[in-house]
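S.K.: Here's the letter readout for the chains.
Number of protein chains: 4
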Amino acid sequence: MTPEEERELKDLLVRWRRDIHRFPESGWCEFRTTAKIAEELHRLGYSLHMGEKMVHRDFMYGAPEKKRIEWHRHRAQAQGAHPEWLGMLQECTGVTGVLNTGRPGPVRAFRFDMDAVHVSESESHDHKPFREGFASENSGLMHACGHDFHVALGIGLAHLACRHRNELDGIIKLVFQPAEEGVRGGRAVAESGILDDVDLFFAFHVGLGYGLGTLVPGVNNFLSTTKFDAFFKGRGAHAAVSPQEGSNALLASITAIQNLYALLQHGGGVVRLNVGTLRAGEGRNVIPPSAEFEAECRGETEEINRQVYQRAREIIEHAAAMHGVASWVRVMGESINASSDAPLVAILREAGQESSWFTPLDAAIQGFGGSEDVTWLMREVQKRGGLGCYGIFGTDTAAGHHADTFDADEAVLLPGAKLLFSLVRKTGEAWSAF
Amino acid sequence: MTPEEERELKDLLVRWRRDIHRFPESGWCEFRTTAKIAEELHRLGYSLHMGEKMVHRDFMYGAPEKKRIEWHRHRAQAQGAHPEWLGMLQECTGVTGVLNTGRPGPVRAFRFDMDAVHVSESESHDHKPFREGFASENSGLMHACGHDFHVALGIGLAHLACRHRNELDGIIKLVFQPAEEGVRGGRAVAESGILDDVDLFFAFHVGLGYGLGTLVPGVNNFLSTTKFDAFFKGRGAHAAVSPQEGSNALLASITAIQNLYALLQHGGGVVRLNVGTLRAGEGRNVIPPSAEFEAECRGETEEINRQVYQRAREIIEHAAAMHGVASWVRVMGESINASSDAPLVAILREAGQESSWFTPLDAAIQGFGGSEDVTWLMREVQKRGGLGCYGIFGTDTAAGHHADTFDADEAVLLPGAKLLFSLVRKTGEAWSAF
Amino acid sequence: MTPEEERELKDLLVRWRRDIHRFPESGWCEFRTTAKIAEELHRLGYSLHMGEKMVHRDFMYGAPEKKRIEWHRHRAQAQGAHPEWLGMLQECTGVTGVLNTGRPGPVRAFRFDMDAVHVSESESHDHKPFREGFASENSGLMHACGHDFHVALGIGLAHLACRHRNELDGIIKLVFQPAEEGVRGGRAVAESGILDDVDLFFAFHVGLGYGLGTLVPGVNNFLSTTKFDAFFKGRGAHAAVSPQEGSNALLASITAIQNLYALLQHGGGVVRLNVGTLRAGEGRNVIPPSAEFEAECRGETEEINRQVYQRAREIIEHAAAMHGVASWVRVMGESINASSDAPLVAILREAGQESSWFTPLDAAIQGFGGSEDVTWLMREVQKRGGLGCYGIFGTDTAAGHHADTFDADEAVLLPGAKLLFSLVRKTGEAWSAF
Amino acid sequence: MTPEEERELKDLLVRWRRDIHRFPESGWCEFRTTAKIAEELHRLGYSLHMGEKMVHRDFMYGAPEKKRIEWHRHRAQAQGAHPEWLGMLQECTGVTGVLNTGRPGPVRAFRFDMDAVHVSESESHDHKPFREGFASENSGLMHACGHDFHVALGIGLAHLACRHRNELDGIIKLVFQPAEEGVRGGRAVAESGILDDVDLFFAFHVGLGYGLGTLVPGVNNFLSTTKFDAFFKGRGAHAAVSPQEGSNALLASITAIQNLYALLQHGGGVVRLNVGTLRAGEGRNVIPPSAEFEAECRGETEEINRQVYQRAREIIEHAAAMHGVASWVRVMGESINASSDAPLVAILREAGQESSWFTPLDAAIQGFGGSEDVTWLMREVQKRGGLGCYGIFGTDTAAGHHADTFDADEAVLLPGAKLLFSLVRKTGEAWSAF
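Residue numbers (the numbering used here), protein chains in the order written: chain A, 6 to 439; chain B, 6 to 439; chain C, 6 to 439; chain D, 6 to 439.
Hints in this document: simulated from the structure, not taken from any laboratory.
Errors might be hidden in some of the hints.
You can't tell identical chains apart in this list, so a pair holds if it fits in one copy or across any two.
Said to hold, decoys possible - 25 Å max Cα-Cα, derived DMTMM-like pairs, lysine to aspartate or glutamate:
1) LYS133 / ASP16
2) LYS58 / GLU434
3) LYS388 / ASP63
4) LYS388 / ASP414
5) LYS72 / GLU128
6) LYS15 / GLU45
7) LYS238 / GLU322
8) LYS238 / GLU128
9) LYS72 / GLU10
10) LYS133 / ASP401
11) LYS238 / ASP409
12) LYS238 / GLU319
Construct all of the structure, not just a fragment, from the sequences and the given hints.
M.R.: Structure (structure tokens):
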């Protein structure tokens, strides 16, 4: 690339990052984001897959009600999404762009997540997005995890691959996935069939505690997790006059919660469990007729996570029955275990070394104590004989992920996009060796 | 009274009841209600006491913030309250009208409460207020306890006493008390000095399970109660990556709640305790940094209630400290024990018998398992040597108190107002005997 | 009676009281006590009913195992019980002596309980039984409730009735009931048929906080109660290596206990609940495979007690199931509600007044916050049309009931026995009036 | 060794193992065991260190009361311990035998633990020790962990070193440690000074799931642990008459227990916590005045364990204070983290390979999910610049450790003892290389 081309690409990346940052959208509601991306990919000549072609309806964990979907579509339009593209999306966000070189070679997929988190962005002058005028315009939502960077990187890769399409072989799929937060969207994409022909799969995250320039060439052993909501429905009663006529949903819920903590020990590996929120009752002098909580469990293996979740359901069921209270549980997100395949880790590491910018770690890291629904996509590719790899582009951040002053150094964007593109080249060259 | 006068008075009572019903206001925010009453009492020639003259600032349990007060004042004006009267109220609701006959005789006070409850009124056609167009226009608020009837009865008594003022002796005080729900307002009125010269005190409630025409000539042994909110402030942390860095406010709060139930046994009499609502946490995967609950305790005696409340505070404090969580408790309402004095019970019973309409019970009833902040007022009068009495005007109701389909038979209004007036007469006549 | 006769009777009463005190026996194991009483009643000419004739096997709540029964029979013999009488008892304690005058008249039953409590008697020189050499010789057991007095009173009545048999009419039944402590024996006696022909039933307790000379002529509204043991059987596991393989019976039991306290509020009246003991687990580093607790619930009415017990069972069942733990509950004692009949209260009061010694209260008292299995016997008589009454012979005590320094003033014995006898006379005279 | 010598040594080992098995003794009470060993070591010419020379009084975690010590000393004598040796032990078990070759060379220590566990040995004919007549004669105690094997191996090494003393150099210390179960004795030995001059330290366990012939040449990362007892002292009261006068120690204890489970998540590594036993209360109808439980916590690092234990104490303290109950905690055992040093692992592995009998694993294993108080001894040596190693002699077992049918294959004894001796030789030869 000429310096001029580099400058242009860099501008493009920053422009996209800031535009996405300004209009954050929550999971399953990324209508503006999707429409913008789809429009751009279409312009560049990619063929598109949207809706049920890349999202399986049966696995849209925690998808909002129709009315809310509609509300978000309207906002997307008000904030600049093209009505035509919105129309094509129907009720489902996410888009996959496919570039077929027509030449034999591997089918590679790159995944980019694009939803924001429920954080109200800082309005401090120390906070660059606010100071420079691209802070969130959607109250209560913020790109505080860096998915705005991911979208920009995806667009950057789209441009580079398009420009060099005659030099490439095989197929390139750019998967813009909805609803990564709460590990909600991954499974629906994995089950959709969009990855059925994929040989090599890559996904990336920016930051995660690694400084500018560091390249983590692979992550192994994400924690498996299940996100679930529990609901309790009892019966109210006057707390002084006839307390015995009530069925106390609050007591049922807190009995469940306290006993969930008995599940935290497992000889087979790490277990995590959290009840993050609880809402119960209606009035001070009424036996609480209702309660609900948001929880999650995690396990070092899927089997551990499965066991813990199963036991959690039993605990909830009996804690409710104990108080004559009805209960039910709804899965709101789920992710599994997956690790990066050594050949792709090696290629990624090599690509990092060859770049003039990244310093790769020596090897893949062992998890990071968290979970990612990209594991569904990696597993889907791996179970069909393909290979997968999850890397991290280090970049300096102004605060931890999900903080309201989170911001990342945009200097990572250009080298990041170039590195992604180099993976396309290198995997083509190495294809016979896989 | 002539039949014509009776018809007019009945119309007045119904008109007032329905007007108040249509514009329900919550405790400490009864600006429209107060302004309307004040205007009417003034018109009738009563001298008025408002603001700090009848509400002691130090005991305004659970009073809302200034901003919300202001909001309610504006709504009151929008709904017809006269700006001049609103102006005189400043930030405080409640009004007392005084009629001084100039003749020697007892000082009698009648108390009428006037706040609504947080219930969304039914929009069913079976529900008369909705069907006939006087249902609540203030979303989420409803006169579902009957205080609209109480206001109307107070206005009725004001009219009758005014009309017959030349036949009466002594002084008549009509105390329109704010914030009875949650037993918040009683103490502030009692401590204000407004009752300092009162010899005889009456208060009434409509309904409470007694059918149309029944008169309960006295209530004894209300439960003492303390309403309190508990707050817990811990520290959030990523639930999977660094759970040990959090201080779990949710766990602190539920530990407190479960242990509160250990306080429910007392050899000295009835204890009641309820945690009615609980709100905790911020996000599914964050150690909950905050929690708060609304609770109440009650006791057959003040001593029992005091002991239970004291123990509750200790439990809350240690449940929080156990988890490295800060906690504090705020009293949101409080009422004490009081009983009706036999001489007034006898007079009330006699007045009922003399009316052509009421059928009085033989004697005062023993509590009804509930609490009333009128006890502060009765006690204030009694401790200065006066007498107090709390009666019930039976009336058929469409549903239990606080239900969204609550409605009461307006047939009780006219005989009720007349009975109140007969008490003025009879207490004057009997005054030398007290 | 001549002063000489009085002196002899007094000596007899004191001798019996102290002999019984010296050899206390626990419920269902009163072999020596029963054999001694049976021998004496037989000697006086009473016909006897023992074993299944007065104890229904199906309701022997909390009866010990055969091996322990045998152990107690051996001790009884070693402590002076006649082998022949022990032989007649077989495995069941309790004896009823019947005196049939052959003349028409009422069938009266008097009930005397005779078991001791699990308290180790004081060995302080301030404690009279120890100082005077009649303290318990059976380690861990003590007549700390006064049943030794009851036995002596029963023997005293037996002597007086025997001596005056020719002056009496109707039938006199002296029912020496086993296992009153823990309300275990009453129902078995009531269901045995021994009371089927009884017209008038009396029972008494000494002390209970009433001083020497006071006579309580009736007790109403005992609390209904159920005594129950709960058992939890889980699965042990190494607490560090494979905690997930255990089923934690300790956690199941404490979850049950904490939730039992949610049952303590009832608009219908007093509820009481206590978990008095808990034993769980086997070793520090083993997931606790077992737990058991001893509990009781009480209610102001049988219905309340029944509801609370039923709910307690549900709580236990689900607390166990929640942890994959088996559970079961065993009823260890049970008593119901009963009140004294006015005609007998009147006669008892009159008898007290006529005595030169007792000062009767004006009326029956309302419960005393406790329970008594005599209620089964009262109810049995009442439901067949008979009358029942439970009285208290006040006497000064050195300490509260069940304290290890409990002792009562023997001065109550002679007037007590004479009062009982006067009831036989008076009920005969009044018989036509019932 | 000649075959004859081998046979004799084998017989000696089996004889010792079975003798120790027959007379199991609990921690701090191994008087017979210590006396027998001391006698034998003395006979072989070892100089001995006993009492405070090898056990620091301040760290005798969970040592029994004097009276119980005395009782055990008497039993030891009755079961064949020589009174003279018992006399030398005074109140403290454990003995260290020292063989000084007089030649320069390393000081090596070998540690053997010798206490039994609280298990009642099986009396099934399938259980070899019972069938062959060397089952436990001490009711409720059993060598169910294999420490009888360890003692025999120690004696075997003593014999071999003694026989070959002229061929050896440096110093050999055989440390027979008391009270390993419950990790109680290790620290007291480590702090005694007995290891101050030690260069190389070895300890071994038989079995632990490894089959006959397997040699584990090193163990790393034991879990740090603290064993503690918690005590709660409240106030009893009649559960129905005056429950409010009680301070419920049972409720305090179970509140503590439930909240302890909130400590089980730590981003820094594994946490374990168990409350193994709980005893509370005195009688069914008495508010429980007392409770106590036995617990343990563990952590992947000492820091984690320390944090968890500290938080556990806070939870206990506040759970008690919450109910007006006094509480205190007593440390009953403690162990830390330690790992085997690579040079010794290599030597052990080599020794295993050179033996004709063992098959060593390739490398040290990562912990086994458990704890060992040998870590105090390893750490003591390591912190002075020495090296330590913990190995496992695989042997087939009839059941898991601590089961009442535990038995191990004695075939491990002879090759085990020879391997130990070869370590003496090899460490001498390699000494200059360390």
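S.K.: Can you tell me if LYS238 and GLU322 fall within 25 Å by alpha carbon in one copy, between copies, both or neither?
M.R.: both (12 Å within a copy, 20 Å between copies)
S.K.: For the identical chains here, do LYS388 and ASP63 meet the 25 Å Cα criterion within one copy, between copies, both, or neither?
M.R.: within (21 Å within a copy, 60 Å between copies)
S.K.: Checking an output row: LYS238 and GLU319, CA cutoff 25 Å. Within, between, both or neither?
M.R.: both (17 Å within a copy, 18 Å between copies)
S.K.: Between LYS133 and ASP401, at a C-alpha cutoff of 25 Å, which is it: within one copy, between copies, both, or neither?
M.R.: So LYS133 and ASP401 pass the 25 Å test inside one copy only (13 Å; across, 66 Å).
S.K.: Which holds for LYS388 with ASP414 at a C-alpha limit of 25 Å: within a copy, between copies, both or neither?
M.R.: Neither: 36 Å inside a chain and 45 Å across chains, both beyond 25 Å.
S.K.: Reference check for the pair LYS72 and GLU10, CA-CA at most 25 Å: within, between, both, or neither?
M.R.: Classified as neither: same-chain Cα gap 44 Å, cross-chain 56 Å, threshold 25 Å.
S.K.: For LYS58 vs GLU434, is the C-alpha pair at or below 25 Å within one copy, between two copies, both, or neither?
M.R.: Neither: 30 Å inside a copy, 73 Å across copies.
S.K.: Check LYS133 against ASP16 for me: Cα-Cα at most 25 Å, and say if that holds within a copy, between copies, both or neither.
M.R.: Within one copy only: 17 Å inside a chain, 67 Å across chains, cut-off 25 Å.
S.K.: When no copy is named, should LYS72 and GLU128 be tagged within, between, both, or neither for a Cα gap of at most 25 Å?
M.R.: Between copies, since 23 Å is at most 25 Å while 30 Å is not.
S.K.: Under a CA distance limit of 25 Å, which applies to LYS238 and GLU128: within one copy, between copies, both, or neither?
M.R.: between (40 Å within a copy, 24 Å between copies)
S.K.: Should LYS238 paired with ASP409 be assigned to within, between, both, or neither, using CA atoms and 25 Å as the limit?
M.R.: For LYS238 and ASP409, only the inter-copy Cα distance (19 Å) is at most 25 Å; the intra-copy one is 35 Å.
S.K.: Taking 25 Å as the upper bound on the Cα-Cα distance, should LYS15 and GLU45 be classified as within, between, both, or neither?
M.R.: Within one copy only: 16 Å inside a chain, 74 Å across chains, cut-off 25 Å.
Of the numbered hints given earlier, the model fails hints 2, 4, 9; all others are met.
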